[in-house]
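J.: The chain contents come next:
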Amino acid sequence: MDQKELREWEARCVQENPPGCTAGCPVHVDVRGMIAAVRKGDYQTGFALFHKTVPFPGIISRLCDQPCQHFCKRSEIDESISIRALERSCVDGNDKPPLLSPALPARNKKVAVVGAGLSGLTAALELARKGYGVMVFEAAGRLGGSIRDIPESELPRRLIETDFAVFDRLAIETHCHSPVSAGGGAGLSLGSLRAEYDAVYLGAGRVAAVSLTAGLKDDAGKVAVEPLTLATSDPKVFAGGAFRRSWEGLSPIRSIADGKIAANSIDRLLQNASLTASREKEGQYSSSLYTNTAGIEPQAAVAAADPHLGYTGEEALQEAGRCLLCECRECVKACEYLAHFGSYPKRYIREVYNNLSIVMGIHHTNKMINTCSLCGLCEQVCPGKFDMAEVCRQARRMMVERGKMPPSVHDFALRDMRFSSGGEFALSRHQPGFAASRLVFYPGCQHAASSPRAVRRAYEFLCEKIDGGVGLMLGCCGAPANWAGQQELFGETLAKLESDWRGLGQPAVITACPTCFAMLQHHVPDMVVETVWTLLDRVGLPQGTRPALPSRQLAVHDSCTTRHEAGLHGAVRRIIGQLGHTCEELPRSRANTVCCGYGGLMMQANPEVAGKVVARRIAESDSDYLAYCAMCRDNFTAQGKRAFYLLDLLFADADQLASQPGPDYSQRQENRARLKRSLLREVWGESVEEPQPEVKVIIPDSVRQVMEERRILVDDVIAVVVSAESGGNKMQDLASGRYVAYFRPVSVTYWVEYSPQEDGFLVHNAYSHRIEILE
Amino acid sequence: MSKEMSKPPNIVCVKCGIPLALGKVTLSYLGSNFPVELYKCSGCGLVYIPEALARGKMQQVEASLEDK
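Protein chains in written order, with this note's numbering: chain A, 1 to 775; chain B, 1 to 68.
Warning: the hint list may mix true and false statements.
Stated by the list, open to error - Okay, derived cross-link-like pairs now, DSS-like style, lysine-lysine, Cα gap no bigger than 27 Å in a straight line:
id: 1; chain 1: B; residue 1: K15; chain 2: A; residue 2: K696
id: 2; chain 1: A; residue 1: K217; chain 2: A; residue 2: K4
id: 3; chain 1: B; residue 1: K15; chain 2: A; residue 2: K367
id: 4; chain 1: B; residue 1: K15; chain 2: B; residue 2: K68
id: 5; chain 1: A; residue 1: K222; chain 2: A; residue 2: K281
id: 6; chain 1: A; residue 1: K52; chain 2: A; residue 2: K4
id: 7; chain 1: B; residue 1: K68; chain 2: A; residue 2: K730
id: 8; chain 1: A; residue 1: K496; chain 2: A; residue 2: K4
id: 9; chain 1: A; residue 1: K367; chain 2: B; residue 2: K57
id: 10; chain 1: A; residue 1: K496; chain 2: A; residue 2: K676
id: 11; chain 1: A; residue 1: K52; chain 2: A; residue 2: K496
id: 12; chain 1: A; residue 1: K40; chain 2: A; residue 2: K109
id: 13; chain 1: B; residue 1: K24; chain 2: A; residue 2: K404
id: 14; chain 1: A; residue 1: K236; chain 2: A; residue 2: K222
id: 15; chain 1: A; residue 1: K110; chain 2: A; residue 2: K96
id: 16; chain 1: B; residue 1: K57; chain 2: A; residue 2: K404
id: 17; chain 1: A; residue 1: K96; chain 2: A; residue 2: K4
id: 18; chain 1: A; residue 1: K52; chain 2: A; residue 2: K333
id: 19; chain 1: A; residue 1: K367; chain 2: A; residue 2: K385
id: 20; chain 1: A; residue 1: K346; chain 2: A; residue 2: K367
id: 21; chain 1: B; residue 1: K24; chain 2: A; residue 2: K109
id: 22; chain 1: A; residue 1: K730; chain 2: B; residue 2: K15
id: 23; chain 1: A; residue 1: K333; chain 2: A; residue 2: K40
id: 24; chain 1: A; residue 1: K236; chain 2: A; residue 2: K4
id: 25; chain 1: A; residue 1: K367; chain 2: A; residue 2: K4
id: 26; chain 1: A; residue 1: K346; chain 2: B; residue 2: K57
id: 27; chain 1: A; residue 1: K40; chain 2: A; residue 2: K52
No wet-lab data here; the hints were simulated from the structure.
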């Protein structure tokens, strides 16, 4: 991932874009922050946020025409938030004098401002803070311009005085009774000002505006200005307020915005900087922040009981409570993983990028990168189609390529995968009595592990039902390697599968596992792949192969790896209906389904988050769940949720299986190996011997559970005992009499505490570490 | 790492028939070696790592080296 790609990813996430009100405000008041402060009764903070962009908060809190309200999300539901009224609450409720950031050191440049209305005074204030010498020329006898005409009841004079007190504290010279003419006379003129000053801002009110424009290019009676910069045809002169707008188009907040824009332009001019660079978001614009308003109850705006006094504290709180505090977080709301790490994708991608850039130091983001289930729900719900799965997939591959992938994260899953691709499970055959296959059934390693009986019966059913030969392939599609970022291993695994398939004459492949379906479909371009569910929907269901299950409502859990397979979703629901049950749709289903916690090896990388994912999913309905992936079922039943696996409903004793956790890791491997042996014996009529373990170990359930949590297989324990008993390298705890021994087959050292019992060994405990003992 | 071994275990090496005693052991992970004191057989060098050490400090060290 390079800088450019990072930027592109970042741009997709709109969470940091401002709310509509802020972007719609000509000076970008942080309305959301201010209202959040009001909710806490913290008017000081509310006032400080308001004052940060509004130089005259008292005046604006009474006069603002609130263009922001037009952009308020709440207006889509009922009425816009009463933003000005809440600004007033902040102004009236604040008891601290406004903080004024210190002015920059004086610069040797001076600016003339013509007109002491809101626009001129804003420009004067901004320029003085930047260190310029500012001289304000006002024709009337006092500062403020037209706001002085507003009645006291609407704009109390004390607010004007408070707001203007700042002029006593800054190096601004104000000259009242100093009209500036178009030129020709003895008094001040535009010509004399531009000769004497480095720049001039024309911000005067309506009277002066008519007479001053001589010499500047005009547009229908107004000074022609560049809207972005307020530059006139004279490079030293800028104009805003009534000079450029019709009187009707003027408003206090727009005047202030003009003053700010002009001050910025003048500062740029005097520093020889570009007048136009990066200014697209100055002034009013429309934000692309997305905020979901579904399900929000309408609630009328709060009216102040006494409009002259404004909101009471209670009323302000109530109105502030209506604010949606707009943000996106669509993906974070939908995904337990994204929520777990406490932020949102724009920040996450930056963390991932930094993590990949570290040469020396701790890679803090490894865990986050490896936790994602790669399910793609974020992309599905994101207005900008941000795909965290793709980010994490790329990051994992890079980590593997650079040798920076923590070995412990995926090691166990990859060894399990190798078992499934190896001789104990892998198989590729035509149907007995056939020299070719019209179809080949590929049940997938986890389905064979979870429900070996159903898999076998499903195969036998397909052989009966379909003419032309149904071959069988057992093995692993390589998904764990793909998820782990192990491209090379994934390629090897897939190549073996592909060569077996070509050996069978490239028949259409029927998968039971949604993940196998997705892997094969995406990675073997010329392979025709179909799920067993759409096939059964087409050819008809088996009769009498299973104990009848009384009709019930089943909440369908769709698999995340086939979220876009609408045909599959429909087929599954029709099959459930044909079996006499009714389907319930979970809040997130079909294309918007959530992962069961197994995808992307989340369960291996971060069992805590995977547990939260499952817990959230199984709390969505009290009905029994129906999954068409065995892993999904196993993850739900492991947390005590009754869940059926569709293949069991068709071919096995589903009712019993729905209430029990799936087999543990050791049993899963055993189930796969046994399935292959029983098929070879009973379907293909070959003689296959049952392998005998070198030693007999007795493992109590409590120990077996500990082994499961620690990812220690029965075979690992047997290897330790065999090594200890054959070579004599064991220790004995004299207090308990138990033996202690260790053995390191490859990359993990396994320890077992055991004692002899009858013709075998009783296992008391097992643990492991990856650190190697060198001597 | 040896701090967690404050109470000497009552363990003997079965082959050599001698009680384990503290001795120098080198542990290694991902290219980093660290000398530690662990209980071991002074005869054949068989090392004892108790569960608390394997699941505690050693796991922490593994995790921090893996994130380096």
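J.: For which of the previously enumerated hints does the structure constitute a violation, in increasing order of number?
T.: 2, 3, 4, 6, 7, 8, 11, 12, 13, 15, 17, 18, 21, 24, 26
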